[in-house]
Every structure is written in C-alpha cells, then in structure tokens.
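Colleague: Residue strings, one per chain:
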Amino acid sequence: MTAFLLRRAAHALTVVFVVCTVTFLLVHLAPGGPAVLADPKLTQEEQAAIEERLGLDQPIPVQYGIWISRVARGELGESFLYQVPNRRAIAERLPNTVLLAGSALLLSVLLAVPLGLVSAIHRGGVVDRVVSGVVFLAMAVPTFWLAILAIFTFAVAFPVFPAGGATTAGASGSLVDRLSHLVMPAVVLAAVTTAELLRYMRSSAQTALAQPFIRVARAKGLRERTVAWRHVLRNALVPVVTALGIQLPRLVGGAAITETVFAWPGLGRLGIQAALGRDYPLVMAITLFVSAAVVVVNLLIDVLYLWIDPRIRLEA
Amino acid sequence: MKLPSALHRSLRSLSGAPLGRWRFFAVALLTACTSESSSGPNALRLPLINDPILNPVLAPDIGSILINKIIFSALVRPDENLRPVPDLALSWTTSEDGLEYTFNLKPGVKWHDGENFTANDVKFTFDQIRDVKSGSRLGSDFAAVAGVEVIDSLTVRFRLKAPFAPFLALLGYNAGIIPSHKFRDRKLLDATDFSRSTPVGTGPFRVVQAASGSAIVLERNPLYHGAAPALDQVIFRIVPDVNAQVAQLLAGELDIVPIEPANLPSVERAAGVDVVRNPIVQHVYVGFNQQRAIFKSALVRQALDLAVNRKAIIDGVLKGAADMPRGTIPLVLSEFFDPSLPVPSYNPDSARKLLVKAGWRTGDHLMLLDGSGKPFAFTLLVDKGNPTREQAALAVQQDLRRVGIDASIQTLEFATLVRDRVLPGKYDAVLIWWTTPPDPDQFSFYASGQDNNHVRYVNRRVDSLLAAGRATLDSTKRRDIYRQFQREELSDPPVLVLFYPRELLAVNRRLRGLPALGLRDALRHAERLSVAR
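As given, the protein sequences belong to chains X and H, one line each in that order.
Position 94 of the first sequence, counted from 1, bears residue number 94 in our numbering, the numbering being contiguous throughout.
Position in the second sequence (first residue = 1) + 1000 = our numbering.
Looking at chain H on its own, in the form it has when it is part of the complex:
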C-alpha cells in the first residue's frame, strides 16, 4: 500500500511546524535565561529533599534543621573552632556550682514582624522544648534543664538539675528561639501557617514565599540584629533526587549541594564548581550488640578493631573524604581529641591471635569456631540506598572473612533498621553513625543503660568518666577526663569506629564567606555568605 501523497504532505507540515517553533522557543528562552542571571538579586540557592517544618522546636529532619538555622537565631552560636559565642545573648554568667546560667540578651532585637524580642520568648521556647506534649524534638537535648526564669525583659536564668557542661554547645546547636507572641492562643503543632509558610524568627533571613514541593524563598532581614547580610536572597529548592541536585548545580541552578563520594567525578571536572571537604562532628561505626555472647568479650572487640582495613575504606570507598579515627570523639573536637593516641593499625594476624586467646579456634577453610564447633557468624545491618555505607559494609565483610569471621549483610530502609531492629536491640551488628553537637559528651551513647546506648556497652570506668565529663565545667579538667575515656576505649572498644567523615559539598566557585564548618554549623553564619557576580 502506498502512502497517499496528500497524507504525506499533511504529516510533513504537522511535524515541520512544531520543530520550527521549538527552535524559536529555545532561542527565546536562552536569551531570557542569560538576561535573568546577570540582573537578578544576589541569591544563594540550596537544595532540600522535602518540604521543611519551619519551627526549630518541631523540626524532625536535617533539611528542616538547616533552613531553621538561618531563620531563627539562638542564644549562642558556634564559632569556627566550634566554641559557643554570643548570638541573641550578649553575655552570660555561670554560678559557682554550675547549676545556674544567667544570660544578658542583646537589646533592641526585633522579630521578623517588627515585635520586640524579650526574655519571655526565651522562656516560652524552652518551656515548649521541655514539654513532651508540645511535639518538641529537642526534649532530650535539654533534659538537664529544671526551669527557666525571666529576671527582666533582657535577662533570663536557666536552672539545671545537675551541672551540665554541653549546655552552651546545645543552646547553639538546634535550639532556635521562637516568638511567644505568635503562639498566645494556640499550640505549636496547630500553628500550621507558621511552620509551613510564615515563620517569624530573629535570624538574618526571613521567609517571603513558600511553595509546597517547589521552593522556600528567603529575603534579607532588614531588622537583623547582627552584621547586615551580604546576600539579597537565600532560596531553598526542593529537589528530592541527589543526582538531580548535582545536575542543577552543574546547570547553575544551585550553589551548594551536599554530595556523596560517588558524585565526585562528575563535579570535579565541572567548570565553576569547587569541592569543599569540611570535617563534621560525626563518627561512623560498626556497632556490635553486646547482649550477643560473641561480642561480650573486650578481646573480641579489640580483634575486630584490628581486622578492618580502615585506610582502604577511606581511600577506596570515601575517595579520601574522611579522617582516620581514634575512638569515638572525632578529630574536629580538637580541644578534646587526643592526637597522641595511636592510629589504629590493620593487622589481621594479631586479630586472629587475639581471637584465639578469646577462645576461638580455626576450623575448615580457616573459619573460626567456638568450643562447641559453631562458626563465628553474624548479620551486619546497613541502611539501604546509600552507596558509601553499603560499600563500606562490604569492605568490612571481606576484611572479617580474612580473619575467619562470617558476616552476612542485610540492607534495610533506615527507618525500618532503626525502629524494628536497632532500638529494640534485635540485631547482631549495624553500620551506622552518630552526628552530635560540637561537644565531646557521649554519656547517652556509651554509658551503661542509657537511652541511646544501642550497642548495650557496659564499662563501669567509662560510666564514671562520661558522667564526670558532662558534669565538669573546667575545660582543662574536662579535657583530661575525655583523654582518659579515649584511652579506655582502646582496651575496651564500645564500637568499631570506621572513620570520621568529612562533609562533601559541591559549591559554586563564586560563593564567598562559607566558614570551614559542616553545613549545619556554617549556616549559623548565613549573613557572611555571598555570591560574587
């Protein structure tokens, strides 16, 4: 059958027309785009993976925490050495017994809506934080607070239940101050408009537009209490997919994108993009459930420590974006980290010797067996979807096999892993991490019987050291306590610390003023950031 020529013609004209228009359209767009970027406002654009909750007390996820740091100022903020410095508080005094902190607030501070900021707002914020029923996500951070008292409109006093050294670091971490006048007749959770689109803070930028699933647009706060922000706008774009975030960075539509080591090749070659590797307060580790008989012995955990080739993981999997660990207190807490500690060695032979000393013997195929002939086998959990951690788990598995231990890997969604396995203690081993405030306090993680001690680590000496560490305000004494703790960790490791990750940020080369901190802490200094034309 021959195609009738009339139909032929009509088809040709059908396909010809849109093509021509398409080209015209593309050219028009191209000119539109170029003219926009040269005359638009000085804006910084960052990605979020989901719509944030714009209330620091309720914020449940990292995205919300990040954006809230530039909307809501806190009493203090961390400087470039992660030490707390004044923000909304001008100065403070601590009572002799360490139980009372009195803050003198900065005068003349205005909320984004023009109202005056006062001590009442501070009291209101911490009353909400400490009320479990308010929906607060910061309750455990401030469990040590007994009460907050307004002395006068610019003075506020915190009473603690016991001396608590991390207090100031926690004040500058996630505890943005919220305005009491916005919640006079309603609960935090009912103030949907506030937490979705019209938050009111005292930070350097205020929200002017919030479109669900699209973007949150913030504008310079003309009433800001600190140095005038250099940027006109900060825009958080909701981009759920990491690869799409990288593509948007390369297309010049985003300025800062947190990336995975696997993304490095695609951004390192790109013109106009720099990669920043800032240390963060985090340790990534393999936690062994010490309620399981095989992990009870400190000798076994020492052996596991020797059996894993961390250098290979850092170079191979993380492409160098991590530091060699020496215990659970990360390097970036330079005041407390003990640099004289030995760098962990990789020594499978010594590991095997230790395991033999702990009562294991070698069976078929060099696999380890216990007295009754049962193999040294367990399941290692890792969260699904993060290639870096999945590959690190594989490396750990292979290293352990070399010393005769049979680890099988199970990947689970993070929420499932935490809720169903780690919290109820239904697991053998897990590859996971802790991100902490800029303070060495690890009492809740590694003191026996504590809520966050998921590995069920029990060591009385560590208990007393960690208890003393959080109760000691004198920084020299405190440093000595944590150095002793780090020594103790060598002989009885609570977890197998794999590395201290560095945060990989792909940034627009024209970005200026980014402090050498993790993004969480760097955004507390948003007024310093700018994008050169």
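With the rest of the complex left out, here is chain X:
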C-alpha cells in the first residue's frame, strides 16, 4: 500500500509540474498581455514602470525560473488585477466553489444512480425513454443558455429565486438566503453532469445485468429489489466512480460559466477573469491549485476502488 501510494504521489507531482509548465508557456505566448497594460493612454514611461514592478521586463525563461523557485518556497505570488496575494484571492473564492460544485455533484449522484439503474433494469420502458430524452436535451443545451433561461424563468417571470450572487448583498445572509441563491446555479451546473453520469450508470448497469452472477442471484430466489440494489448497483458503480473523477475538473471548468452567469463568487470565474486579463501569477496559482486538487482526488478514487471492488488489486 505504501509503495503504491508513493509511486502514485510521484506520478501526481510529475503531472502537476507538466500542467503548470505548459500553462505557463501558453499564457505567456498568448497574444496581448496583462490587461493592466492595455490602456491606450499609458505613456512609454508608465508602461516601463509597470513592467518593471510586475517583473515582466525579464525574459520568459527567467520569469519561469523565478516562478518555480517561489512555488518551491510555498509562495504563490501576487495578482496583477486584484493587487492581493494569490493565496488570499483563491482562499476567498474556494469555499463558494466547493459549495456549488459539491451541491451539483451530490445532486447528480442522487439523480443519476437510481434513475440510471431503473432505466437499465427497465430498458425501453417509460422511465427509460423519458430519462433518455431529458438526458440528450441536457447534454445538447449550452450551460450559459440554460442558466439565462433559468434566470428569466425563475427570477424574472416567476420570481421564486434570486437572479444571482451567493447572498443578498447588505443583508445578514441567513441560511435560507444562502440556500435560495444556491438552488439555480447548482441545478444548472448539475444538469450536464447528471446527464453524463446517468448514461454511464445505465450502460454499466446493463452490462452488470447480463453477468452470470445476476442469474445466480435470481436463481437463489432473491427478490428483484435485492438483486438490483445489492448486486447490480455495486457492480455497476466502478465505471461510474471513474466518471465522477473525470467530472471534477469539468465541474470547476463548467462552474466558470455557471458562476459567471449567476454572478457566483467562485474560483472558476476568478480563473476566467485572470485568463482574460492575462493575470499571469493568478492564472498560474489557480492552475497549480486545481491540478493538484484533481490529482489528489483521483488518487483518492483509486483507493476507493479497492473498497467498491475487492477484485481490483493494487498492482493493477
């Protein structure tokens, strides 16, 4: 177990390093430059002063070296746009993203697993057909459009939920207030994830249903309910857990759009703004943080496999 974890940790470090290096090159080679410098009224002298202060007067390899050595000392640098330490910028937004992505993921699992199971068991039935239709619709509709539609329906036409934000600004921010702000973005964000998870769940449950042990279970005289929940579900979950691991970075990415439309103060939106404003240090800090998070979660999922399916061995 220890050797396995060490090997995977080394793996993880390499992945994070490669992701960060590639991102560093990409953001620096992208056309344009920091938004703080994109003022047509800046004089040469002012521009030079800003470049010197931000370290942009150094060649890119030198800037990279400086960045790496800072990261090695645990420093994430300071944002160009917000003029605060990146550590603080991320820390301020992280809880909101965890809340939103976590709620969306939970919602997805709660919907996708039972519905996928029912669809598979009852293939071609009413539930299956309705669910399939909704799934394709959810996957085809762009998130930003769904978000705007939701706002116009449930905040403007039938004002049930607030149109945006994480709390009512200037109010005390009670639990009800927070929850009411969470509902729409979480549902919209969950829509695509649920649709994909559901398709994984349905097909892997179908595969499981065709296995001999299901026939054995039925032959033993087990009730269909027990067969479904004990035997089919457990065996169908392995690929679904993998899919969940893949969804995590996508949730942060997809959250960027949802967060933008719903004015949700999260990390994805911070990343988008940083990339658009060519806020190099902040882009790098977010990349480092998110890639590390994804790698760690995937590591946890590998461990989770062992618990779900004892047939999987560490060496595999």
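Per label pair, the in silico range of CB-to-CB distance:
1) ALA1143/H <-> GLY245/X: 50 to 58 Å
2) ALA171/X <-> ARG1186/H: 30 to 38 Å
3) LEU26/X <-> VAL1275/H: 37 to 45 Å
4) ALA48/X <-> GLN1291/H: 17 to 25 Å
Straight-line alpha carbon distances no greater than 16 Å define the calculated EDC-like cross-link-like pairs of lysine to aspartate or glutamate that follow:
5) LYS1384/H <-> ASP1420/H
6) LYS1133/H <-> GLU51/X
7) LYS1133/H <-> ASP57/X
It is worth saying that the hints were derived from the structure and are not from the lab.
Here the structure is a predicted model, which means the values were calculated and not measured.
Beta carbons: idealized from backbone N, C-alpha and C, even for Gly.
Based on the hints, put chain H in the right spot on chain X.
Modeller: Using the frame of chain X, we list chain H on its own:
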C-alpha cells in the same frame, strides 16, 4: 423485465418528497423576499464586472473608477454643464501667467475614519499621482504639474510647468483625494486592505463590507461635507455577464445597468424600467494609420469620410443612441463644439471622384487600383465581443466596398488589439474610441509625435492650434481656437469619426436625482440619488 413494484414505490416516494418540500421552500422564499424589499434600507444597487481597486490613484479600470467617485471626493467636480464647481475646494485663484492655482479647502471636512482632511492630504495625493513608481494610473493626466505646496492646513498651491487649461476639468475627473495618514509607513501598492476592503475617503458613502466576487456595500457617510446623502446604502454587485446584469435589473436586484443597443428590446418592454440616453464625452472613430502610404493623402481621408453612411449606423446598429458627429470634439462639450459645422454627408459618388483625384483608378468589379495596379485594400481591426462595434465595422466595410475599397475585418481581444497592434503602430485601420475628461483638449491624440497619437496624424496647423488650446485660459479665445481646429479637421480629417455615442442606462423607474450626465460624472453627485419606495 418488469420493474418490481417495491422499487417503483421507493422511487415514487423518493421523487415525491423533494418536490413537495421544493414547493414549500419556494413559497417560504417568496414571502421572505417580499417582506425584505418593503422594509429594507433605501439602497441603490449597481453592477461592476469585477472586484474594484478602491484607490483612485491606482484604479486601472472603469469599474474601479466608478465606485471610487462616490468614496473619494475630489477638489472639484463637474456640474450638469460639465464645468468644474467646488467640491473639497471652497474656491480657487489662478495666477496671471496661468502657472499657479491656489485652492482654499473646505474647513471641517472629515475622513471616513474621523480624522481631519487637510492640505497635506492634497499634496500627498498629487505627489503619489506624479510618482511613476507608486503604481499611479493618473500620471499622464497631471504631467503638467511641477509641484504642490502646502501654504497652510487649508490652503494648497499647484505650480504648473506651463499654462494648462484642462487642469480643473482633470482635477474633477478621476483625481479623488486619498488620506496621507493611511500611508505613513507603507506604499499605496502595499496597502492591500485599503484598496480591497477598507478604503477611507471623504465622499458621501463609505465602504462597510467588501466580499470578493460578490459585492461592495457602502453606507451613508454621516460626516459628509456636502448635503446629506438621500440614500442609506449604495451596493455594487459584481456581475460579470451583461445579460445577467439585465436579468438582475428585470428581477429588481439592480437599479442602474449600462446596456448595449442590442439589449434595448428586452428592457424597453419591461415594467418599472426606464432607459436613459445621456451624452458622454466620447468619440467613436475609424483610425487610419497614416504611416501607411494609402492613408497619407488628406484627399483620401476626405473621401473615406464621405463614403460611410453614419446615419444608417446610428439608426441601425445603435438604435438611435448616438449623435451625428462633426469632428473629434463631441457635441456634449457645448461650449467648444461648433454647431455651425456642416453635418457630414454620405455621398459615395463624391467620394469616388475624390479618390480618382488622389490618383486611384477603377479596375475590375469597380474596385480601386493604384498606378501599379494594386487594389485599395486594408485590414480593419475591431475589438472582439462588443456586438455594437463589430456591427459598425461591418457597416463601414460594406460602405467602403461600394466605393471600390476592399476592407477586411479582423477582430481581436481589446488588450491584444491595443498592446500588440495599435500602440506599436502595426495596423492599417482600427475601429476604436476615446473617452476623455470634460475638456476639448486633444493635444495628446492628434498633435504630431504625441504618445496617444496612434494614427500618426501630422498637421502643423493642428499642432499649433491644439498647443494653443491647452495653453489658453480665456474661455472665449479658447473656444475660437477649438472652432478653428474643427474647421481644419474638415479638410484634413485626423480620423473618421463615426458617432458620438450616448450612454444607454437601463434604470429602475423609482430612481430619483440622476443628473443628465454620463455615469462617470453623474456618480460625483451620488448624494442626490434616491430610490422612491
């Protein structure tokens, strides 16, 4: 395979329960919302697209500039005719030679933290503004200032390097005064807490809460030096997406939203929303890089001026939210704008004649060719993502094709467009705009060799007129100089001015006291605003 009835039941109960609770939840929320709006504080809610920098000296973007105008008072502010009137300065005198301005400051003014405002704060602010290393974004506005001297605690004197007529307008534009006592032992850039969450100004509202990515909540400043603010609160909500801003306005969660002409249909039909179209000090133009041989001739630029149907762009693309231009000095600067100038005509035939006179001849498909048979072709840059400007660029392209000019459009992100193309002069033509302080001074834009003369316009007469315009304090003489400049622009247009835009604001119908100015200047009068119950 038949679905076992037990599973059926459990699924039904699973889906039934949250639905029921959902409904209850919705009703509870509905009542919560209605009760809140009738008893809450009198608040004005505006959008920002990003977290602002709450320091007027460092503020790099329009959002920060807007919010800083109500936190930080300046020495003067523009009145409804855009003339500077007293704010923190009670009165001022100008020396005979125009090189010294002495300001008598309002006595008894307190900072938001209760400290006294003095002449030292003014000196400190302008010392920081003029120091390139401080991170100041206002250096070029005050390049004419030679030094600031404290005469006594309520008198401060500015010495200028040369007479500079726009000085007062610039003082009332972005130069909010910052408190020296907050920066005794640290640089502006290091005072993160100040510029992110706890700024201290002398304006009508003070920050009480700043949540990253969410909102900045400001409260009436009980120590305000002017008339008591009518509002209890001003809330700036961070809403990055324009469509989401409009949705929040329609949902009653925002009170003022700057919109694009494309948003007009969705807000004009809405109950409780008015659209305000205030003129702003801005000219939108197509700039031709006059280092390119094809644009050097004034005849060609006159022809281009005649070839574009501005009325069609204003009516079609801007839905009427702009005024017909007559040169680079916008209509709203009524003191200097010359109303007797001819309205630019749209006349493709005359344009073609002028182009022929300039040495172009007609080739295949009526396209223009030069002496060596090369077509009149260039690339027109426009910033990506703004539908109004992208459509205006398309209209310009089609109009030019009608006179035989082949313009291809390239869209680029604004930062890329400015940094990589316009500033280094690597472009043919660009559709862009200047927003200026309420003053006709355009020396840095159109005098030869100046930092902001991105079109590389060279006209000696214009150079001397613009130099005289910024150095002349007498308003009658000054007006005559700018009228001559506008005449000169007719025969040698520096740029092709497309329109003077009006700022489209969708506002809550219950909003009162909004001056008929662009939001930038209107917010200098935030104490007058209120929202009727």
